[in-house]
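Number 724 marks the last residue of the sequence shown (our numbering); no jumps.
These are calculated hints, taken from the structure and not from any lab test.
Computed from a prediction, not measured in an experiment: that's the story for all the values here.
One or more hints might be untrue.
In the BS3-like style, the derived pairs of lysine-lysine whose C-alpha atoms are separated by at most 27 Å in a straight line are [stated by the list, open to error]:
| no. | residue 1 | residue 2 |
| --- | --- | --- |
| 1 | K501 | K647 |
| 2 | K715 | K625 |
| 3 | K607 | K194 |
| 4 | K501 | K595 |
| 5 | K625 | K591 |
| 6 | K715 | K463 |
| 7 | K424 | K501 |
| 8 | K607 | K571 |
| 9 | K476 | K647 |
| 10 | K595 | K536 |
| 11 | K647 | K289 |
| 12 | K601 | K501 |
| 13 | K595 | K491 |
| 14 | K686 | K647 |
| 15 | K591 | K622 |
| 16 | K501 | K491 |
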Amino acid sequence: QDRLWQMDLLRRICSGRLSEVLDPGLVDADQLFRALNFSAKSAQVLAKTDPEIISCIEAFSDGINQYINQQGKKLPFEFALLGYTPEPWTPLHTVNLISYMAWDLSSGWNTDMALYRIAQVVPDSLFRELLPDFGNQLPVFPGFRAGEQIPEMVSRIDAALEAVDQLGLQVFEASNNWAVSGKKSKTGKPLMSNDMHLGLMSPGIWYQMHQVIEGKVNATGVGLPGAPFVVAGHNEDIGWGMTNVTVDDLDFYLETLNPADSNQYLTDGVWRDMRIIEEKINVKGQDEPEIRINRYTHRGPVVSSFRDIDEQVISAAWQGNAFSNELRTVYLLNRAKNWEDFRDAVRTFNSVSQNIVYADRYGNIGLQTSAGVPIRHSGGVLVYPGDTSLYDWQGTVAFEELPFEYNPERGYVSSANNKTVDENYPYYIGSWYSMPYRIGRIREMLEEKERLGIEDFKSMLRDQHSHLARKMTPIYLEALGEPMSKYENEALAVLKDWGFEMHADSAAPLIFEIMWLELNHVLFRDELDEKHFPLLANGIVAANLVDRITRVGGSAWCDDVNTPEKEDFNDNIRLAFSRTVDTLCKMYGKEVAAWKWGDLHKISLQHPLGSAAVVNKLFKVNRGPYPIGGASHTVCPYSYPKGKSFVANHGASERHLFNTADWDASLTVIPTGISGIPASKHYLDQTPLYLNNQFHRDHFSRTAVEENMKYKAVFTSPK
Numbered sequence: 006q007d008r009l010w011q012m013d014l015l016r017r018i019c020s021g022r023l024s025e026v027l028d029p030g031l032v033d034a035d036q037l038f039r040a041l042n043f044s045a046k047s048a049q050v051l052a053k054t055d056p057e058i059i060s061c062i063e064a065f066s067d068g069i070n071q072y073i074n075q076q077g078k079k080l081p082f083e084f085a086l087l088g089y090t091p092e093p094w095t096p097l098h099t100v101n102l103i104s105y106m107a108w109d110l111s112s113g114w115n116t117d118m119a120l121y122r123i124a125q126v127v128p129d130s131l132f133r134e135l136l137p138d139f140g141n142q143l144p145v146f147p148g149f150r151a152g153e154q155i156p157e158m159v160s161r162i163d164a165a166l167e168a169v170d171q172l173g174l175q176v177f178e179a180s181n182n183w184a185v186s187g188k189k190s191k192t193g194k195p196l197m198s199n200d201m202h203l204g205l206m207s208p209g210i211w212y213q214m215h216q217v218i219e220g221k222v223n224a225t226g227v228g229l230p231g232a233p234f235v236v237a238g239h240n241e242d243i244g245w246g247m248t249n250v251t252v253d254d255l256d257f258y259l260e261t262l263n264p265a266d267s268n269q270y271l272t273d274g275v276w277r278d279m280r281i282i283e284e285k286i287n288v289k290g291q292d293e294p295e296i297r298i299n300r301y302t303h304r305g306p307v308v309s310s311f312r313d314i315d316e317q318v319i320s321a322a323w324q325g326n327a328f329s330n331e332l333r334t335v336y337l338l339n340r341a342k343n344w345e346d347f348r349d350a351v352r353t354f355n356s357v358s359q360n361i362v363y364a365d366r367y368g369n370i371g372l373q374t375s376a377g378v379p380i381r382h383s384g385g386v387l388v389y390p391g392d393t394s395l396y397d398w399q400g401t402v403a404f405e406e407l408p409f410e411y412n413p414e415r416g417y418v419s420s421a422n423n424k425t426v427d428e429n430y431p432y433y434i435g436s437w438y439s440m441p442y443r444i445g446r447i448r449e450m451l452e453e454k455e456r457l458g459i460e461d462f463k464s465m466l467r468d469q470h471s472h473l474a475r476k477m478t479p480i481y482l483e484a485l486g487e488p489m490s491k492y493e494n495e496a497l498a499v500l501k502d503w504g505f506e507m508h509a510d511s512a513a514p515l516i517f518e519i520m521w522l523e524l525n526h527v528l529f530r531d532e533l534d535e536k537h538f539p540l541l542a543n544g545i546v547a548a549n550l551v552d553r554i555t556r557v558g559g560s561a562w563c564d565d566v567n568t569p570e571k572e573d574f575n576d577n578i579r580l581a582f583s584r585t586v587d588t589l590c591k592m593y594g595k596e597v598a599a600w601k602w603g604d605l606h607k608i609s610l611q612h613p614l615g616s617a618a619v620v621n622k623l624f625k626v627n628r629g630p631y632p633i634g635g636a637s638h639t640v641c642p643y644s645y646p647k648g649k650s651f652v653a654n655h656g657a658s659e660r661h662l663f664n665t666a667d668w669d670a671s672l673t674v675i676p677t678g679i680s681g682i683p684a685s686k687h688y689l690d691q692t693p694l695y696l697n698n699q700f701h702r703d704h705f706s707r708t709a710v711e712e713n714m715k716y717k718a719v720f721t722s723p724k
């Protein structure tokens, strides 16, 4: 009754059926998701899952279908607007959501491809500086260059991903979690926090739920619309929350096709047959389906050349296609009673790789990496040659060898998408971890006080102090020591007096963020044309390079190839600062002290159909924009698509504070509301709380629930 159309939208993306009801331009996206073949894996999961779990999702599906049948034509407005009715829901649709989560959190779809395209146009010496220095120097292939068709092949993947992104269907982006033991807690029992940083949209990705089956389960938290289990939350005994491990779980391979038979590819000197599947994609407004061909190598699907066959294609090996059983995991987590139960549950959480934080009412805390980590001969950040099996995966790391902590002496555990293990760990996990600014600030706050309480945790979740700004601002100030213009000097004075808080009503964060973008432009735009610059600028690869420059003192990227002089990083800083001040003077006038970060940085909650003005006018599906502080590098995160807009489209998709001493004292909030119906008073009723960093109680005991309930539904069996 709350999220039916959102559920249908999610299952359509999983099965590659968006263009059937939305837009013919989504056919490439549909073919990509059909190539990923979520349903084949889901069928395996259903066949190998305990019958008791299957009975749960069958009953859940029956309930959905009963509602659809009862409603008749009284369905959410989106169905009438788009001219279709929902098909029956099946357990397969529920399980497919797990593969969608796994796909969306896999960074390789963007990063690996971007790096490969850049490797084609810059000297090898420059390219090497873009690779992260994590003690695992990743291989580069000097002399391995592709033909001119490769950027076009890659752009087809980009187009499909962009189409999905425009619908607001992103899931995992980043996250924070931490827990303190009783010795660091004011309650004497563990406290725990989790906020998963996902796409900000309306309705939100999470559905708040409290499920009670007398004698079997009593769990509360958030779940996915279309699934009957709590993904992150707590039961009577334990609480758990998640952050993305950022496992490198995806590799691309450049496959050489047989000139005499384009359905064969070369590996180790042998032409091997591809598996061929003909896809019939129904398209809105077309009488006949569009016919597309999906091809599969032994590694996985071909994800390029959707329309034509070339001499080379790109295939993908993705851990999300390997068997895992997250369905089992969340079912058992909802019922777990202790650390041993918890670890047994998460051992099958292999596609949606997470660092899962733990706290229980008995005084224990922990953190467990649960992930499918491919075993490689070498780390994977490029598109590999497919004509050799040298770069094929050799299996996955056993659960027993994945890192974990249980009741550490320091009294706390924490993660924020940061580097998972040190260089002594025997396996390569990944490269593109979040820079350590959020985790550094989290641990700093955890160590500031001997004991922490719920109010301290609330302060941590709304914290907008930037370790990135604390690191970079002194470097900027040192480079900007020489005399400058009047307005540049005023802007410099603002930075000098700044405490590195990314507050919406402050000028300093506005100067800092624009300067970061300008610095990226100065560093990369001379080497990269307008097609390649957006691939690198302002993202994690660029952040790694800037970090490297600050550590080693320079880079070949600092020199402007268009001038006879040899520029260094200080020259880059001065030019970026000058451009920043000039830009802001034009945008906001010449009263520097009156500039505000929130005048530019905002949050907007957009419905997938809300870009059509008439839809928003009739149904009021969008909200905002609202001025907002923070940034991607603060514990309270609001991340915007750099280079495109300053409207934050990622942030905390839920905030949850767990009090194991008194579950009824736990707090939570989501950015929107529980309902996906715009006419409902609960469509966006939590938005004011969220924007003001406030919470509501997460009532858990029967007494607390009954004392605070607003409605009561009574279900009776028909006579």
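Inset, instruction - Quickly compare the C-alpha distance for K501 and K491 to 27 Å and report which way the hint goes. - result: holds, 15 Å
Inset, instruction - Compare the distance between the alpha carbons of K595 and K536 with 27 Å, and conclude whether the hinted pair is satisfied. - result: violated, 34 Å
Inset, instruction - Compare the distance between the alpha carbons of K501 and K647 with 27 Å, and conclude whether the hinted pair is satisfied. - result: Status holds; Cα separation ~25 Å.
Legend entry - Hinted pair K595 and K491, Cα distance within 27 Å: holds, 10 Å
Legend entry - Holds or violated: K686 to K647, with C-alpha atoms at most 27 Å apart: Outside the cut-off at roughly 34 Å; violated.
Inset, instruction - For the pair we were handed, K591 and K622, check the Cα-Cα distance against 27 Å. - result: violated, 32 Å
Inset, instruction - Given the hint that K647 pairs with K289, test it: the Cα-Cα distance must not exceed 27 Å. - result: Outside the cut-off at roughly 33 Å; violated.
Inset, instruction - Below or equal to 27 Å on CA atoms is what counts here, so check K715 against K625. - result: Status holds; Cα separation ~25 Å.
Inset, instruction - Measure nothing beyond the straight line between the CA atoms of K607 and K194; if it is 27 Å or shorter, mark the hint as holding. - result: violated, 38 Å
Inset, instruction - Assess, step by step, whether the Cα of K476 is no farther than 27 Å from the Cα of K647, and give holds or violated. - result: At roughly 20 Å apart (the allowed maximum being 27 Å), K647 and K476 satisfy the hint.
Inset, instruction - Take the C-alpha atoms of K625 and K591, compute the straight-line distance between them, and say whether it is at most 27 Å. - result: This hinted pair is violated, its Cα atoms lying about 33 Å apart.
Legend entry - Pair hint K607 and K571, alpha-carbon separation not exceeding 27 Å: violated, 39 Å
Checked against the numbered hints given earlier, this structure breaks hints 3, 5, 7, 8, 10, 11, 14, 15; the rest are met.
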